[in-house]
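**Student:** What follows is each chain in one-letter form.
Number of protein chains: 2
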Amino acid sequence: MPKPNVREQILTTSLALLHGRGYNATSVQDITEAAGVPKGSFYNHFDSKEALGLEVVQRYTEHDAGLPAVLHEPGVAALTRLQNYFKALVDLGIGMAPDCGCLLGNFSAELSGQSPVIRQRVNAAFDEWTATLTEVVAQGQADGSVSAEIPAVELAAFMVNAWEGAVLRQKVSQQRAALDIFLNVLLGKILN
Amino acid sequence: MPKPNVREQILTTSLALLHGRGYNATSVQDITEAAGVPKGSFYNHFDSKEALGLEVVQRYTEHDAGLPAVLHEPGVAALTRLQNYFKALVDLGIGMAPDCGCLLGNFSAELSGQSPVIRQRVNAAFDEWTATLTEVVAQGQADGSVSAEIPAVELAAFMVNAWEGAVLRQKVSQQRAALDIFLNVLLGKILN
Chain A
1 MPKPNVREQI LTTSLALLHG RGYNATSVQD ITEAAGVPKG SFYNHFDSKE ALGLEVVQRY
61 TEHDAGLPAV LHEPGVAALT RLQNYFKALV DLGIGMAPDC GCLLGNFSAE LSGQSPVIRQ
121 RVNAAFDEWT ATLTEVVAQG QADGSVSAEI PAVELAAFMV NAWEGAVLRQ KVSQQRAALD
181 IFLNVLLGKI LN
Chain B
1 MPKPNVREQI LTTSLALLHG RGYNATSVQD ITEAAGVPKG SFYNHFDSKE ALGLEVVQRY
61 TEHDAGLPAV LHEPGVAALT RLQNYFKALV DLGIGMAPDC GCLLGNFSAE LSGQSPVIRQ
121 RVNAAFDEWT ATLTEVVAQG QADGSVSAEI PAVELAAFMV NAWEGAVLRQ KVSQQRAALD
181 IFLNVLLGKI LN
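As they're listed, the protein sequences go chains A and B.
Note that the first sequence ends on residue 192 in the working numbering; no numbers are left out.
Note that the second sequence ends on residue 192 in the working numbering; no numbers are left out.
Quick caveat, the hints were computed from the structure, so don't treat them as lab data.
Treat the hints with care, since some could be wrong.
Because identical chains cannot be distinguished in the list, a pair is counted as satisfied if it fits within a single copy or across any two copies.
Calculated cross-link-like contacts (lysine to any residue; reagent style SDA-like; alpha-carbon spacing at most 20 Å) [claimed, not checked]: (1) Lys189 with Val153; (2) Lys49 with Gln120; (3) Lys87 with Arg176; (4) Lys49 with Arg21; (5) Lys49 with Thr12; (6) Lys189 with Arg21; (7) Lys189 with Thr13; (8) Lys39 with Val6.
Everything numeric in this text was worked out from a predicted model, so none of it was measured.
Using the sequences and the accompanying hints, generate a full structural model.
**Tutor:** Printed below as a string of structure tokens:
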């Protein structure tokens, strides 16, 4: 039987702990204990807790749950793709443990001042997400289905940021209402 | 000469530190050192760091910078009051240290899972803010200046949450663009 991959165990456990509890409330010892690996093994695999934090951000952004496919579904109008994407995002958000929130938003709040490298990585993830949405918004504006009053890149950034705010409110309220309201206003006011 | 008020010094210093660095990245010793008071004096004034955290939230929500007055200015139409309020909020946000963000949003992200009492206090602050805005949105819907497609309470909650998301993006990007975009979409799409 192959040895369990200690590095992978640490990374998977860290994603859950740093997402659920936060970065500063989770010690390296918490992680190695929860992962069931020797404490000393941590620094064989990661230079620092900050280096682990960077990999956790990377891993989190790779967990896309198939959503980008919805956004680029061939033969579907851009407006419909945006509507389907955000409906799926809300369903995903409602299915999450409500006290976790979005790891990118949590790290933005907690670590922007503390870790320049994590701040830059999280910011880059938001920029990539915004660029992906900008492309689809621009397609919708080109075919006339999405209002062209606001430049596509601004509308895309607004949607990303408003989503993050809705998830934050879901987290603090422990209720799904913020996500439902996000979807209502997005579909009823922003995208029409 | 009166003795400096140790409790007040701790509270003022804590507001700055917990806002700037976050809750878990700030120790009681950090606070007493920065406040220039003996470490032992902390527990003469506060039962716990969590009790201090609750008072910091209270103090933060009292720092309203005169904004509610803009929202209730007599003789001004509801739509104009909402526009003026959010313009002032954006000016205030741009004037802030960009790596601080909103203390309510930061605590939502960092402490919702960790401290039930702080979560409830922050959530109540968001609910009060939403209720204040709901009243003005409803006035605007009654006089026909604000679109009535979305119920006032939902529109108000959406604006609060989208604002929090914009401030979070400002914090992680260290750029004001997210706040400018918030205002553009709010004035151009949401409130018209």
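**Student:** Each of the hints needs a verdict: does it hold here or not?
**Tutor:** Right, here's what the structure says about each hint:
Proximity of Lys189 and Val153 under a CA criterion of 20 Å is satisfied in both settings, with 17 Å inside one chain copy and 15 Å between copies. For a Cα distance limit of 20 Å, the shortest separation of Lys49 from Gln120 inside one copy, 16 Å, qualifies, whereas the shortest one across copies, 30 Å, does not. With identical chains, the CA atoms of Lys87 and Arg176 are at most 20 Å apart within one copy only, with a shortest distance of 13 Å there and 29 Å across copies. In this assembly of identical chains, the alpha carbons of Lys49 and Arg21 lie at most 20 Å apart whether taken from the same copy (15 Å) or from different copies (18 Å).
For a Cα distance limit of 20 Å, the shortest separation of Lys49 from Thr12 inside one copy, 14 Å, qualifies, whereas the shortest one across copies, 31 Å, does not. For a Cα distance limit of 20 Å, the shortest separation of Lys189 from Arg21 qualifies neither inside one copy, at 35 Å, nor across copies, at 36 Å. In this assembly of identical chains, the alpha carbons of Lys189 and Thr13 never lie at most 20 Å apart, being 40 Å within a copy and 42 Å across copies at closest. For a Cα distance limit of 20 Å, the shortest separation of Lys39 from Val6 inside one copy, 11 Å, qualifies, whereas the shortest one across copies, 41 Å, does not.
Checked against the numbered hints above, the structure breaks hints 6, 7 and satisfies the rest.
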